[in-house]
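Peer 1: Residue numbers (the numbering used here), protein chains in the order written: chain Z, 1 to 316; chain D, 1 to 316; chain C, 1 to 316.
FYI, nobody ran anything at the bench for these hints, they're computed from the structure. Careful, some of the hints might be misleading.
Pairs involving identical chains hold if they fit within one copy or between any two copies, as the list cannot separate such chains.
[To be verified] Cut-off 27 Å, straight-line C-alpha distance, at most; resulting in silico cross-link-like pairs (DSSO-like, lysine-lysine):
#	residue 1	residue 2
1	Lys302	Lys42
2	Lys28	Lys316
3	Lys184	Lys218
4	Lys316	Lys284
5	Lys218	Lys185
6	Lys2	Lys184
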Amino acid sequence: MKLSEIANIIGAKFDGVDIEIESMNTLKDAGASELSFVANSKYVKDVSLSNAGAIIVDAKTMEFVPEACVALVVENPYWEMAEVSKYFAPPIEDKTLPSSKIGANTTVSPKAEIANGAIVGENCMIMAHVYIGANSVIGDNTIIYPNVTVYRDCIVGNNCVLHAGAVVGSDGFGFATNKLGEHKKIYQNGNVVLEDDVDVGANTTLDRAVFGSTLIKKGVRIDNLVQVGHNCEIGEYSVLVSQSGFAGSTKMGRNTVFGAQSGASGHIEIAPFNTFAARTGVTKSVKETGLTFAGFPFMDHKSWLKLQGRLARLLK
Amino acid sequence: MKLSEIANIIGAKFDGVDIEIESMNTLKDAGASELSFVANSKYVKDVSLSNAGAIIVDAKTMEFVPEACVALVVENPYWEMAEVSKYFAPPIEDKTLPSSKIGANTTVSPKAEIANGAIVGENCMIMAHVYIGANSVIGDNTIIYPNVTVYRDCIVGNNCVLHAGAVVGSDGFGFATNKLGEHKKIYQNGNVVLEDDVDVGANTTLDRAVFGSTLIKKGVRIDNLVQVGHNCEIGEYSVLVSQSGFAGSTKMGRNTVFGAQSGASGHIEIAPFNTFAARTGVTKSVKETGLTFAGFPFMDHKSWLKLQGRLARLLK
Amino acid sequence: MKLSEIANIIGAKFDGVDIEIESMNTLKDAGASELSFVANSKYVKDVSLSNAGAIIVDAKTMEFVPEACVALVVENPYWEMAEVSKYFAPPIEDKTLPSSKIGANTTVSPKAEIANGAIVGENCMIMAHVYIGANSVIGDNTIIYPNVTVYRDCIVGNNCVLHAGAVVGSDGFGFATNKLGEHKKIYQNGNVVLEDDVDVGANTTLDRAVFGSTLIKKGVRIDNLVQVGHNCEIGEYSVLVSQSGFAGSTKMGRNTVFGAQSGASGHIEIAPFNTFAARTGVTKSVKETGLTFAGFPFMDHKSWLKLQGRLARLLK
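Pulled out of the complex, with its shape left as it was, chain Z reads as follows:
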């Protein structure tokens, strides 16, 4: 899409070189043919370092945009970014893609649907009422139980198990809101990647990334009814117990354990080898490793036990 067209859509002045914009991305990850945006003053420092071809900014932030990059100046960059995002959304299905490819010794139920462009590996079992979207790739030896949905462009590794009703690649919960309180969808043009040996529980939902990938690394075990938000990264061999939930862009290191009904806020980083007891609510990054935490607000588990003792005393 021509940059001039984008400028026109969002009502920004534009008088630079009219480059072709291929996709949208974050300030950090965008390249010369990509469009980025800055909507939060917290990220202003990333603007001057960005390699994006163009950035949607407001008038105050305009001055930080590097010379090699076009500044598209608007009043509400987040709202305009949402507006533009839909132009980069691929069609949900695409009949012009080649027929799906199914590997040797893989059984696909006649009641499953595998969209054009999808590739399924060898020795897989794709059961009834499964949907695998366009351009998705499923590895070898993977079992997909009934009523699972894998959205387009997602990747599922080898030796994975997706239990019934699991959803891989639903849209992340992203929208801009204007002063009237109305919402505009931010198209979620990223995907979900499951590495090898990942188990996903029944009716668990793994949201696709807005840009890039939501990443579930090797050997992760996810129980039933778990929610993983867009752009999360779940470290190798981590364990997410039933009904836990993770807001967007949170990253955790390997062998992290989240107990039942626990959760974490978005945009935090959790060092490896920590355990969070059932119901823990993690609200900030954890740099220590090898510890056990509990509570909401969360604290180390021993403090939490001590606190419960003190609360019991209050009752006397």
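Chains D and C: place on chain Z using the hints.
Peer 2: Same frame as chain Z, but now just chains D and C:
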């Protein structure tokens, strides 16, 4: 159904005019051809003002029934109401209804099922393994992802998105219990109405009303794994984040925000423009507007932060 | 499978009688043709009383194994048990089983899939996109709404209702972990049994047992998005409200009520006729009966209210 038949079913004496009862409804909403009931002394005051054709009551409450209305006197009105409710339940599917109608430019997967009597608008996408029940109506430009179930009689507006595995119109959690602890189903003969521009997340469940409608108003954004109970009303542009849950008959005004894993009890009213932080448990009505709340029991967010400070001191 | 083969797989010395092992089971329930294991010192006392044909043990526990029973000595019994479990897993589907049998007056959607070996009773309704696995048995008068998955070997009683997206029989969340933090699946070779008159809510998940059955007794009412872990036993007429969750092997007596977003840890026993308010987290067994509890950690409801009063005072 003749009133005399109903009286016979529940073992109530009956000697009034044998009117035709068309449906059941609440004391407030029932009209002259409707049957209502009173099972909770809290609602006795509504009896004398009711326009219902007949009311199931116990002996103590009988005296409050207006003259124009027939009192059906039983020992356990709630149990008998449950018994009668099944006679007003329509069949789950009905082959005598006309074939479904599909609007122009709408694509329906051959692996979707659209029941007789359903109507789908223009420019929609109805994907594989979707079920749309009898007499349901889907507006224009609406996307229904795979494995979504819309039960009979539900209404989905224009420009809506229903993500994979979402359920619209499952039965509300309603039953009567007798002294032996046995339960009897209260048939949920209402529906769910989604107005325009509503997004529903993956594996979210929206229960149908017992009478009338569960109502999701214009522009609402619902994340994954959210539960909305029967007869709730979610105000325009409200935002329900992942794993939040709402018990029956709760109403919230526009631009209400419920964070992840939060919830509200039933039968409460929440004024518009309030925000409830993640994990907040709202147990009574909120009349103020424009505030932020947290905690369980819930309180204003600043008090909650202060309380956490005091609790931290207890640890010293 | 010959015991010598099992010994070979797990690298245990073996010089007893080479019996045929038919299945795996707990120390308490295993019979002479079954293999058991002990991986937790808490269960060592059960070893000497076990009637198992063979037990996987470590060197320290070897001495407690009864004479009639073969001890298979390994370094990590839990890991080796996981390794062996897969050899006892039946195939997910089995075309050599007889065609499914459907009772009189039962309607099965052409878009449902009923696997070989399954039996459906009379007067049932099996709707679109339902999957019923091998050897499962569905009773009479049962309604299975769209997109429900019943895994193989499960039993659903008479007069049950399974709402859309419910999952019956997904794998329990079981795995062994080695010193490198890698996980190995413990095959869940048990099933789920729903007795008569059970209602299961939309998108609720009921995990199959590792051995034996996850049991949902007569008249239980389960709301939407509830998680029941492997080997739980839910007593007659119990009520599990939306988004509640139950870890493995927990048993509750009849007419237990768990409120919304509540939960219980694994391996506990709850006496009948108790009520747990919304958000209660039950962490140990309850022997009293007829009480109401709240909070996490949980306490009797009056104490919880008192505690909230004391906390409110802290704010002054």
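Peer 1: The structure should be examined with respect to each hint, and the outcome stated for every one.
Peer 2: Structure-based check of each hint:
no.	hint	verdict
1	Lys302 - Lys42	between (35 Å within a copy, 23 Å between copies)
2	Lys28 - Lys316	neither (55 Å within a copy, 43 Å between copies)
3	Lys184 - Lys218	between (35 Å within a copy, 13 Å between copies)
4	Lys316 - Lys284	between (34 Å within a copy, 22 Å between copies)
5	Lys218 - Lys185	between (32 Å within a copy, 14 Å between copies)
6	Lys2 - Lys184	within (23 Å within a copy, 51 Å between copies)
When the structure is compared with the earlier hints, a violation turns up for hint 2 alone.
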